[in-house]
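Protein chains: 2
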Amino acid sequence: MKNKTLLMIPGPTPVPENVLLEMAKSPMPHRSPEFSAVFDEVNEDLKWIFQTRNDVFVFASSGTGAMEAALSNLVNPGDKVLSLVIGNFGERWAKIAESHGAIAERLAVPYGEVINSVDLQKRLEEDVNKEIKIVTMTHSETSTGAVNDVKALCEIIKKHGALSVVDGVTSVGAMDIKPDEWGINVLVSGSQKGFMIPPGLAFLTADDKAFEVHKQCKYPGFYFNWSSYKKSLAQHTTPYTPAVNLIIALHLALKMLKSEGLENILNRHRTNAMLLRNSLRKLGLKLFVEDDSKASFAVTSVYPPEGMAVGDIRKILKNDYDIIVANGQNDLKDKIFRIGTLGFVSERDVLTVVSALESAIEKAGGRLK
Amino acid sequence: MKNKTLLMIPGPTPVPENVLLEMAKSPMPHRSPEFSAVFDEVNEDLKWIFQTRNDVFVFASSGTGAMEAALSNLVNPGDKVLSLVIGNFGERWAKIAESHGAIAERLAVPYGEVINSVDLQKRLEEDVNKEIKIVTMTHSETSTGAVNDVKALCEIIKKHGALSVVDGVTSVGAMDIKPDEWGINVLVSGSQKGFMIPPGLAFLTADDKAFEVHKQCKYPGFYFNWSSYKKSLAQHTTPYTPAVNLIIALHLALKMLKSEGLENILNRHRTNAMLLRNSLRKLGLKLFVEDDSKASFAVTSVYPPEGMAVGDIRKILKNDYDIIVANGQNDLKDKIFRIGTLGFVSERDVLTVVSALESAIEKAGGRLK
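Going down the list, the protein sequences come from chains X and S. Position 369 of the first sequence, counting from 1, maps to 384 under my numbering, and the rest follow consecutively. Position 223 of the second sequence, counting from 1, maps to 238 under my numbering, and the rest follow consecutively.
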């Protein structure tokens, strides 16, 4: 049987049927009052889900494009960037900074752990000459399932004076993150995550302090230049051809999210993730991030039972139950597997994946508990 | 009556119904053998439509993203770029070069005209110290409907030794353009044009000579870095999350194009554009680019009849006949209107727009001939 796949990965996440059909309408001409009316509502609703009063720019790109857009608009060659690294996506910030000529210093912890705010405070206190211009971090680290205490970290960064640049790709719309209240200067996210639409759009919000630094950027590039998006947004449009059909899909998905309500959405993600975590524990499985207070509600990393291969579990889940879970990335490949509970995922989906996982492990000859 | 819109603009262009429905399938996980199999076919078919043996990279971005990707991978601050400007999109190349710290010199002609190869030859001969590193140009200039003689211009550039960087956004898949044969070093295009899918994907192909220059680029950035795409392509995937649903749509659209055949596709665009041009002339309308040999087959710019406003014509076409044609851009706004014959456009569509235009002008009280 085909076409009955259940996506339990941290992206792309499941897309509601009505959103898929909305996306399948013939493209709307983007320089039209009809498109501008839709786009205005999208922008209002993005501010709501981003919990910010500032503009949220929409790029036709993947989430990494928005990460690039965050740093390419701020960094001059020779600038110093401190990257807080708890996984692959934390490391990506450092690489992007370097690709624009910045000197990236890593404050790293073993994968699965999170940044201790005391360590950050110590490092920034040592920076007496205020050489560090930007501190980058990941909120929910998709490669491990660990979650940084963004609020505490940004408070420390604010005191130092550097800009905080935060990857909220798998956290916005899934876990509480408040840029205005917490003093996050730049926050980015991507469409195929909590936004319940396919990949191809990315989002960025920057506050006034970040815009001041942006003005000093010598080579900001063109396609991701914040100033162009800000100017066009005031004219109810985008500077370059938008990914129209994805924006039409986003328009409907945001309406659905709004009618669910932000508190309910965040509760749903917390409840589903905790149900998954506790069910996995009951099955006798070991979680990669054991401490619930450091765990993402978007993605949960799990060790396979002893003596069992990640590949076998994933294969049975896929072939027998049409359920896709993710492998680990890079060094964690075949060491852990990752189950997404992000976006359009219900409690039923969590029960389903737990049940199928139990059967898959039994079929693979594994012993639980 | 709603939902019966006929898009006769140079992008987004009409999308076949089966392609829209293909795009509406649930997102496929992109790190899977199933996606890689589709992606491999897409890459083969892109080489076919681009008439190149080199890789064609697929970006999640609009066409401007691919233009950025062309220059951000080549330019170092202080480099000299010669931009051949025949319209807004020719000017865009110069702005992108400047946003990366290059010094952009414009060789410009009045909008509606094209670059004379003698002028380019003269300018490049003056450059005895070979300071000009890159020459940018537009093939089919979407803002005017004029078309540069890319073959002749690239031959001159090749002799000089600079790199040629060509915008084929509204020409690839609509007008003959042969990067390998003509010595085009970098060629870009976008999905909502000849490719018959919605906006959100952009394409770039670069030859070995361009790659050699790329290796000397100090700050190539991250998201559009050619080397990452080249490496991932060899592994049957993309470096960052691809816009999966658009690629699935592209996969089907390319199969349809292939079954039509390249010669037939190019003939269809030529025939439709010439039918439109001659019909407009018969109606007594004046074309912005009068010389057929300098006219794009993707988009035709037309003056309104004397004493009649572009806005009125566009309004009647839209309200009474559900046909969308484009206004002029910037200085040409309300001076000309533009009719697209690009992508999934048939001879019937051309007859329809001509007939509706005749009626619209009569309704607006205009006198023809």
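FYI, nobody ran anything at the bench for these hints, they're computed from the structure. Computed from a prediction, not measured in an experiment: that's the story for all the values here. Certain hints may be false.
Any copy, or any two copies together, can satisfy a pair, since identical chains are not distinguished.
Stated by the list, open to error - Here are the simulated EDC-like pairs of lysine to aspartate or glutamate, each with C-alpha atoms no more than 16 Å apart in a straight line:
no.	residue 1	residue 2
1	Lys-193	Glu-321
2	Lys-333	Glu-120
3	Lys-333	Glu-49
4	Lys-309	Glu-56
5	Lys-270	Glu-37
**OP:** Can you give me the call for Lys-333 and Glu-120, within, between, both or neither, at a CA distance of at most 16 Å?
**Re:** neither (40 Å within a copy, 56 Å between copies)
**OP:** Could you figure out if Lys-193 and Glu-321 sit no more than 16 Å apart (CA to CA) within one copy, between two copies, both or neither?
**Re:** neither (40 Å within a copy, 57 Å between copies)
Original post:
For the identical chains here, do Lys-333 and Glu-49 meet the 16 Å Cα criterion within one copy, between copies, both, or neither?
Top reply: Between copies only: 12 Å across chains, 42 Å inside a chain, cut-off 16 Å.
Subject >> Lys-309 and Glu-56: within-copy, between-copy, both or neither at 16 Å Cα >> reply: Answer is neither; intra-copy 35 Å and inter-copy 42 Å both fail.
Original post:
Checking Lys-270 and Glu-37: alpha-carbon separation at most 16 Å within a copy, between copies, both or neither?
Top reply: within (13 Å within a copy, 24 Å between copies)
Of the numbered hints listed earlier, those contradicted by the structure are 1, 2 and 4.
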